[in-house]
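Residue numbers (numbering that gives the first Met the number 0), protein chains in the order written: chain R, 0 to 336; chain L, 0 to 367; chain U, 0 to 507.
If you're looking for bench data, these hints aren't it; they were derived computationally from the structure. You may find that some hints are simply not true.
Unchecked claim - Reference listing, derived: stretches of chain U covered by chain L, where coverage requires no fewer than 3 residues with Cβ under 8 Å from a Cβ of chain L:
#, stretch
1, 182 to 191
2, 214 to 223
Said to hold, decoys possible - Below, computed lysine-lysine pairings styled on DSS-like, alpha-carbon distance capped at 25 Å:
#, chain 1, residue 1, chain 2, residue 2
3, R, K34, R, K160
4, U, K312, U, K367
5, U, K346, L, K216
6, L, K146, R, K332
7, L, K211, U, K444
8, U, K190, U, K129
From a predicted model like this one, the values you see are computed outputs, not experimental measurements. Beta carbons: idealized from backbone N, C-alpha and C, even for Gly.
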Amino acid sequence: MKKKKQLSDTSFLLMVTVGLFILMYAAGMIVFADKGFAKPQMFLNLFISNAGLIVISCGLTLVMITGGIDISVGSVTGLVAMASAYQMEVNGSGAYTALALSLLIGLAFGVVQGYLIAYLDIQPFIITLAGLFFGRGMTAVISKEMISVKNETFLAWAKYKIYLPVGTTNKRGVFQPAYIYPTVIVALLVLIAVAVMLKYTRFGRRLYALGGSQQSALMMGLNVRRTKFYAYTLNGFLVGLGGFLFFLNSCAGFVEQAKGLEMDAISASVIGGTLLSGGVGNPVGTLFGVLIKGAISSLITTQGTLSSWWVRIALSSLLCFFIVLQSVIASRKKKSM
Amino acid sequence: MSSRGVKRKMASQKASLFKRITKHHLFFPLVCLAVVLLANVIKTPDFFVVSINGGVLYGYVVDVVNRASELVILAIGMTLVSAASGGQDISVGAVMAVAAAVCCEILSGGAVSTGAFQNPLILAVLAALLVSALCGAFNGVLVARLKIQPMVATLILFTAGRGIAQLVTKGQITYVRVESYKIAGGYIPGCPIPTPIFFAAGTVALVMLVMKFTTLKLYVEGVGINSSAARIVGLNSVRIQFVTYVICGLLAGVAGLIASSRIYSADANNIGLYLEMDAILAVALGGNLLSGGKFSLMGSVIGAYTIQALTTTLYAMNISSDQLPVYKAVVVVIIVVLQSPKFNQYFRSFREKLHPGNSVSRKEEPSS
Amino acid sequence: MEETIILSMRGITKLFQGVKALQNVDFTLRKGEIHALMGENGAGKSTLIKVLTGVYPMDGGEIRLGGKEQAVTIRSPQEAQRRGISTVYQEINLCPNLSVAENLFIDREPRRFGMIDWKKMNQRSGALLKSLDIGVEPTRQLGDCSIAVQQMIAIARAVDMQCRVLILDEPTSSLDDDEVEKLFQLMRRLKEQGVGIIFVTHFLEQVYAVCDRITVLRNGELVGEYPTAELPRLKLVAKMMGKDFDDLAEIESLKEVKKEHEGETPFLEAEGLSSRYIKPFSLQIHKGEVMGFTGLLGSGRSELVRTVYGADKPVAGTLKLNGRPVRIDAPLNAMMKGMAYLPEDRKRDGIFADLSVRENIIIALQAKRGPFRPMKRKEMQESADRYIDLLQIKTAGREIPVRSLSGGNQQKVVIARWLLTDPEFLILDEPTRGIDIGTKTEIQKLILQLAEKGMSIAFISSEIEEMLRTCSHMVVMRDRQIVGELTGGDLTQDKIMHVIAGGEAENG
């Protein structure tokens, strides 16, 4: 029997994403070679600056696979950072307590939002929009001023460099190895865990089923409500964890932190091939979505003269492009049926 | 009729009057407004005191009505969008910023600050409104033609909008220090009433006129209630939904210009900040279902004033502006939960358990 | 051959707010039997299935499985599945974004060390598909497969879950002839394996092609159970359509002369017109003519008129109005040309539940006038009142939301809506469904009056008497195409049933 390899739409979208990233990064390497863009550290910095975003985007991908969405992730991240900073600096707790607190906050959001969405059938957008505002407000309630973290354990975690065998040799002939932070390792581990869960566990497959057709999933005997609820709860946990990683980068809590992060996470997922309508999504694609966002950011920063708002605009345009692309593919499929 | 019969008749008449009042579509919004005003009066006993000082009206009430103006205008657009497409437009705050940016940049001729109009005011205003209508059209195409979920589609401008506004003003806050520019957000010389109030009233009046001289209300409600039946009777839902988004964008532009005039500048980061939430809240408080269908503009208008009054109450309780969103979020959730069919199901079956056999099912109608 | 009874339903009764959806219905299914369940609208077929599959609790009766003495209570679809009763619905209840293998095994995927074993799942799927002669790769995405294949995969899933009773709810509606044949092969294979199949369908030919027994329901009651070989088509059709009580006297007198329209330019002429949902058809309707469309449910009558009206986009063919060719691809076009369409599904396509009676009545006329010519309040009130009076619509007032009216009155509101547009051509799709006898008669009278005044009417109804009383011309449809046209002296119930039933003596 011949095996015809069909280019499914999801592979197509993923190819576009990966191709786009390679294109962008290669262009950067060529155009900005003199500004150090070609150094390995530049590439690793993409992971360092976006470790938190990688974890959060994974969570968001989970939720989007079920056909839902969560726009509160940015404000929950800000809240997590502020609450942790406050806990450590004002209440004097240790870094481990702060971590536990972060996870708890994330879980709390996940549980409450998940319940309202899964069991009361309320539209995810409205609930998580309320969550977004709740989080922003609560951050300001905790403290209106910025709190910088001085906790030693925490700072040790934040600054601990892991050196890699690759690197560059500078003009004086000294080899400078590239490095990453533990946050990157955590992010990659989470990514792998989520990918494995989605592919190899019944729960993961249930997420896809429910996103593909909620009605069918119900008729096939799946417990749709419970699955949805778990999806949001797990997402909440990941937001708490990702938020803490994000916090390790900023080492401070302040109002307006991580504003717009939800946009980055959603864009990363969509650009990475997650369908807004649900049923399709892949953390690996999401990773590339994050890398694209990072690349855009790096390119614009390296360029130097363009305002940082261009990053947002470029990302929104890409998002728009991919949304329209998805919609066109979907309507073409409908017509051919 | 026996005296008992007369009493029963009067009682049932009273009951039906009560029912008529409570079932009226403006009952819920008016009750909410009353509650908030009451809270205000309790916290600030001279809430309703109005005085004239230097030819201009002062007082908490005046302040509330004044500051609510942009919100009223936004709420109108949001009501139409919500009714026709069952979703909300969260880009309105950003569109306000874009409109303000375009207007101020044209007036300042590209400079960071100006003391005189570098270009005609009318040109700047028209350009700003055109751009905001285009933003609405952009959203309209995504939602009505490409059938993308409204909140997702408008998420794009929600993020990109302020960036675009920043680009227009070249990253600075552009000031227009011209007295005549401040009128829209301030006072017409010799008039004690703040101008934004006129704009709000004028917009409401204009839209009501449009509704009177066109079939806007019927079409929007038809499409929102049953789009397949709407199609059968000859209505074009794509076109109708598109129009509501354009109107919403245009109105956001108007609100943006007023906001800009208040601070005689274009602050891309802060103009209209979080107002989209307030607008959605106003629509919900107005008794309108966020899932679309029948709508009441007056309800949303009342809702807008209620929210502004709520903000004032919260300020009086020493809650700062960046903490406000917490309370608004809670209110939104409560309203949305109360509106949800699932919750109503639970509630009804709960009532059944308390009073078995007392339920009045809808099918018991006087007709056959 | 020894017949074992695997399902026995006795005295099933189901009430919905006092209305008897099922009354004392019996149903028996034997091992390895393909059993057709038939009936027109309101017969109770879907209610019976839903009771069997645990979607509805029943109000009376007993269900026994596997020949056991003990009756069972089925409380949920999951429980039904566990007891070996599986259903494959018309809308394929599978997930198009997952692979074939996944759809077969979702929620019961084979695992190794707690992880899903994809290799094993694909292997088992391959074996299962092969055993049922379904030629599709297990790794193929379900959405890429044709509807026919998707249906067979749904059946395969049921089979793998050890079902003993397989319910197929209108499986062939979207299949072409080859695909139907393939489905039948699969069904015969299952039959050999001893699975009992309940085949719910409207397609007469298919019933005779593959079923062993037929159960007919009508108005919630059991008409009878018959071996297919002993029930000729004509008798089956007669049993399904039955006889209705009706008020003949008044109507008979009104209908005297059947107008002959020879030589006239037809008001409407369709040639080879077709859409996604209906095969090409041709027909002519004259001015002042009432043309009836009859046939069993699912024969394509609604699809035909929807195509003429533009509610379904026409794909091929031509349409002429008063001799001039026109292009109608949206309802507004049709309306502007003087057409009106009362849809079959009142709730989905008819009423605007939250709008008032007045608004529901004027909305079509308003749409014709366009957005910039709103009707004045007074005009709207007068129009609404006029029709409330004319059609005797029972409502507490014209501003009452239409959802609080009874079904029959809601129907009258929609009829009023279209009459208000003063159409030249009125399409009525089951206008009297769900309406009491008195109102039915009124509507029939109205149809005749309108035709008298020169309106052309297309009238679809499942009740032949109704149409005989009002139509001068009848089109008979079966299985999505026109199979006959009757006029003049041929307009008798007998002749019509013959045409509907089709093929003479053959039974299977």
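Here is how each hint holds up against the structure:
1. With 0 residues having a Cβ less than 8 Å from any Cβ of chain L, the stretch 182 to 191 of chain U misses the three-residue criterion, and the hint is violated.
2. With 0 residues having a Cβ less than 8 Å from any Cβ of chain L, the stretch 214 to 223 of chain U misses the three-residue criterion, and the hint is violated.
3. Using a Cα cut-off of 25 Å, the hinted pair K34 (chain R) and K160 (chain R) holds, with the two alpha carbons roughly 23 Å apart.
4. A distance of roughly 20 Å separates the Cα atoms of K312 (chain U) and K367 (chain U); the hinted pair therefore holds under the 25 Å criterion.
5. As the CA atoms of K346 (chain U) and K216 (chain L) are separated by approximately 22 Å, the hinted pair is consistent with the 25 Å bound.
6. As the CA atoms of K146 (chain L) and K332 (chain R) are separated by approximately 15 Å, the hinted pair is consistent with the 25 Å bound.
7. Under the criterion of a C-alpha separation no larger than 25 Å, the hint pairing K211 (chain L) with K444 (chain U) is inconsistent with the structure, at around 39 Å.
8. Simply put, K190 (chain U) and K129 (chain U) have alpha-carbon atoms about 17 Å apart, close enough for the 25 Å limit, and the pair holds.
Going down the numbered hints, you'll see the structure goes against 1, 2 and 7, while the others check out.
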